[in-house]
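4 protein chains.
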Amino acid sequence: MPLTPDQQAEIDAARSTPRQTLRAVSEGMEARLYHAHPVLDHGFVRVIDYMGDDAAICQAARVSYGRGTKAVSNDEGLIRYLMRHWHSTPFEMCEVKLHVKLPVFVARQWIRHRTANVNEYSARYSILDREFYIPEPDALNAQSVVNNQGRGEALSGEEAARVLDWLKADAGRAYDHYEAMISQEGQQGLARELARMNLPANIYTQWYWKVDLHNLFHFLRLRADAHAQYEIRVYAEAICEMVRDWVPAAYGAFEDYRLGGAVLSAKGLACVKRMIAGEEVTQETSGMSKGEWREFMGVVG
Amino acid sequence: MPLTPDQQAEIDAARSTPRQTLRAVSEGMEARLYHAHPVLDHGFVRVIDYMGDDAAICQAARVSYGRGTKAVSNDEGLIRYLMRHWHSTPFEMCEVKLHVKLPVFVARQWIRHRTANVNEYSARYSILDREFYIPEPDALNAQSVVNNQGRGEALSGEEAARVLDWLKADAGRAYDHYEAMISQEGQQGLARELARMNLPANIYTQWYWKVDLHNLFHFLRLRADAHAQYEIRVYAEAICEMVRDWVPAAYGAFEDYRLGGAVLSAKGLACVKRMIAGEEVTQETSGMSKGEWREFMGVVG
Amino acid sequence: MPLTPDQQAEIDAARSTPRQTLRAVSEGMEARLYHAHPVLDHGFVRVIDYMGDDAAICQAARVSYGRGTKAVSNDEGLIRYLMRHWHSTPFEMCEVKLHVKLPVFVARQWIRHRTANVNEYSARYSILDREFYIPEPDALNAQSVVNNQGRGEALSGEEAARVLDWLKADAGRAYDHYEAMISQEGQQGLARELARMNLPANIYTQWYWKVDLHNLFHFLRLRADAHAQYEIRVYAEAICEMVRDWVPAAYGAFEDYRLGGAVLSAKGLACVKRMIAGEEVTQETSGMSKGEWREFMGVVG
Amino acid sequence: MPLTPDQQAEIDAARSTPRQTLRAVSEGMEARLYHAHPVLDHGFVRVIDYMGDDAAICQAARVSYGRGTKAVSNDEGLIRYLMRHWHSTPFEMCEVKLHVKLPVFVARQWIRHRTANVNEYSARYSILDREFYIPEPDALNAQSVVNNQGRGEALSGEEAARVLDWLKADAGRAYDHYEAMISQEGQQGLARELARMNLPANIYTQWYWKVDLHNLFHFLRLRADAHAQYEIRVYAEAICEMVRDWVPAAYGAFEDYRLGGAVLSAKGLACVKRMIAGEEVTQETSGMSKGEWREFMGVVG
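Chains A, B, C and D supply the protein sequences, listed in that same order.
Quick note, the first sequence lines up with residues 1 to 301 if you use my numbering.
Quick note, the second sequence lines up with residues 1 to 301 if you use my numbering.
Quick note, the third sequence lines up with residues 1 to 301 if you use my numbering.
Quick note, the fourth sequence lines up with residues 1 to 301 if you use my numbering.
Take the hints with a grain of salt, since some may be wrong.
Pair by pair, the computed Cβ-Cβ distance ranges are [to be verified]: (1) 10/A x 245/D: 48 to 58 angstroms; (2) 127/A x 17/D: 15 to 25 angstroms; (3) 15/A x 260/B: 53 to 63 angstroms.
Sample of chain D residues lacking proximity to chain C, with all beta carbon distances greater than 12 angstroms (derived) [stated by the list, open to error]: (4) 41; (5) 90; (6) 136.
Since the hints were made in silico from the structure, they are not lab data.
Note that CB positions come from ideal geometry on N, CA and C, so glycine has one too.
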């Protein structure tokens, strides 16, 4: 586990001093605050702060829609209605701040989600720790033979061992040289902003990441998806669990309409109607390309 | 004051039930939560929720800069350093959610600040109230003769009276017809989404507005400025008071470096150096245009 | 038509002077440049500038995916693949700048799309023209009895006439007083930034609006939809025609996957599979609420 | 130089086929289109497309400010006025698309500017080239002794040689193993999305980066600044040259008001006024901290 005794003591201290507030409180999220949820071999996600709850989503929606929304009898129904009709602004009224420790190559994917606030540990100012992501054997996969950006089956024993040896040895040596370059013992010592360039993409970094619930759902839909790279998916899955505890109704709607749902094209929709009417539809009669048909059958087949 | 007994009862209820939290708490902001701060004749601003405090800004900065920031002895010094050097991300780690009631023409200026979340009362769904902004006599000014987008002195008695009569009569008549058009008594009743087009820009609307502290400071710098239109400036000034109570150190730095500070151009800086050296600099010898020189003298003169 | 002879002369001049460029050129868009496409009674949309074409989308995608995309045999196939898999960044590589004249109540909906650049005509600086949107008889509808934010059938003769009289008379009187208030003949003249508050929401404003293709598609999906208010939908439809001429392959994919497609929830997907298998599914056995089932049947029924 | 004969042929082809357009054309930018401007040892910046010119900035401003801006006699004066008064939206009306090849650790700083569109070469799909940034001797500096995030003087001979040896050897070995791990000769071959984690931060990546002129100026102010890391500053400086050719008036205003200008705090402004009045002001009598006074004297001293 990635926490030092100092870090654990800090978390314990933060959790030992409840204070009074008049703000919306989510009990499910209070239980999670500050605890580090371990991810990969040295990473973690932990909730530092949050704003709002399921009721806050509805309150914001009722500002917008006033009497119009009273027909929906309860908060859960309203939240499902909002999600189904792509009303994004009420979900933007909730916000969460996470502390994440993650390998640099995962951070590089993650940061592509631009509608969020980030404070990353700076390797210009500070010295990075000697911590590298080394995959577990079952996460050490061959290149997929059908998907240019995917993985196939796990590597076999000897090849796997060779890969692990290289990953460990190269990371260790790179870090040794990083330390030696910045050392000021008997030499000037290379600038940290330069020395960091020697470090590989599996070194761990950390950041504070703050995002609203609408944009978080967008992130989770893409990154908790089966096609996402495993190393970012495990972070997304950990965050899914937190969101479920934080805003259970919104998370339920998200699961039904986004994670578990699917988009059909106009062509796909026409095929579905013909299939429901009992017609036998094939790729040739569907109007779709082979790739598209394969994906379509994956959804409705 | 704009609150009905129902609204006041709702605020009293929300304020009567403190709960426990492990999150960062700002006592100054807790004292303000839900209270409606009146602005203009029927408007208000009230804090619905907030995330973070001065310490949270420093905590985020220390994630980024690690040991590098320990030289700054205390939180206030660190916050001043961050503000001075345009480090925006630590300030983005605080967030506030406001409920604002404001005239439509003010809302139209306000919404130009895009980096925020908004849920506005919908006049497609719901019926707007009969409430219009009518300026106080000392806010009823003539067009400025020097500034195309400013105001000059207050209008004199008879002209002022005529203006007020028109504003009141036109708003009242427009609302009467709005009500008559949507009425379903003895007629079909015009769609609300159409009827609203008859209403003037001084009618009040309301929204939930959520923004991070960095972008809020940007809004306040522009809208609490002496050149901002009076009717939005009074909202900005009310929010300034709230932010001062919420994050006093950050607000202090903002006042010193942004609200009270000034930007000098390369030309202006060169003039300042010559003036400090005792030289008499005039517009002719400054290299500036007349307009620019006038503004420059307004800053350093 | 909303153009004065001066404006038409300006457009003719702009169109009479082609210049050479090395940039990507879309012939379909060149044919549209500067022409004003009329919308509603006094509004228009016209293209001022654009960046990129279908090939530019593919070029950007090939930077990202390199050899991985060569399997897709042609640009149209690649664009369909990108749209189907929610790859948004290649579409962001195209940009368009429009000049739009539109009623204020439409502008207020439009501006909610935040990821765009806007320069609006300023009624603080300048004087608005006497131009108001007055609906055609077939766009003068009653409030919907089934949808809180929709319209029902057209108003009948006498009620319609009364509504039109009010809209015209109130707008005319409001503008007369606006003019009288800012007049400097024999009086000081009210500041323009104040006088504008007397003007109703059907007065026309205008702006330059610049947006990338990904965000434009998002706007069009919501605003060219049958549930959008008619007065903004006609703008969206006019823009759809322009986009079709600009990037025909991207627009085709957008039509198939977004405009003509549909999202099914996990529950909906399960029902579709049962229905394809020959089962008779009803609302009661679907696990959906009544409202959700009605919408679902609207999609697949 | 980083271009292969194939790449040069592609550029030559793109530059050999001018086409006609009715859009705004910047001759200065046409001369630059597609040419690769070399940066660092293997990097480059080249302009792929642009939208707008100095006149387009003014045209957008005149939509907003109408008659109000006619007092400013010419485009250059108007642009200086807009820059001085922080009118950002007219500058947003210009857009540029760049193709950049850059080391990963530079890309990680660059991407922090969120208001831009990016398509980066994907190391999940594709194989990275064997190209690493190795600093020139005069860019191989020691850690600054006064600034936690800066560099001091160049390293002396033997230490410099050792650093260069390590950087080259570690990069070469990491790439050898990367190649060996993904090889499918006699083994399964590790997935590319995993193998990339072995590569150091000085490997080159590339992307298409599209940004509006306002946000580009913000990027350039921070990254062409003397405090920016040298390796990103050289990119910013190369882009400055391009912008100067593209929109000379806007770039001139940017140089005067942003790059060459300075922000004074309220305290600093008070000191300047006392100094102009002939008073001897010291840190003790300034009300500033030592660090702040040192920075202040750096500006006005």
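To see whether the hints hold, each was checked on the structure:
1. In this structure, residue 10/A and residue 245/D meet the distance hint of 48 to 58 angstroms, their C-beta atoms being roughly 53 angstroms apart.
2. Between residue 127/A and residue 17/D the Cβ separation comes to about 52 angstroms, which falls outside the hinted range of 15 to 25 angstroms.
3. At roughly 40 angstroms, the beta carbons of residue 15/A and residue 260/B sit outside the given window of 53 to 63 angstroms.
4. The beta carbon of residue 41/D is kept farther than 12 angstroms from every beta carbon of chain C, the shortest such distance being approximately 21 angstroms.
5. The Cβ of residue 90/D does not lie farther than 12 angstroms from every Cβ of chain C; its closest approach is about 6 angstroms, which violates its non-interface assignment.
6. For residue 136/D, the condition that its CB be more than 12 angstroms from all CB atoms of chain C holds, with the nearest at approximately 28 angstroms.
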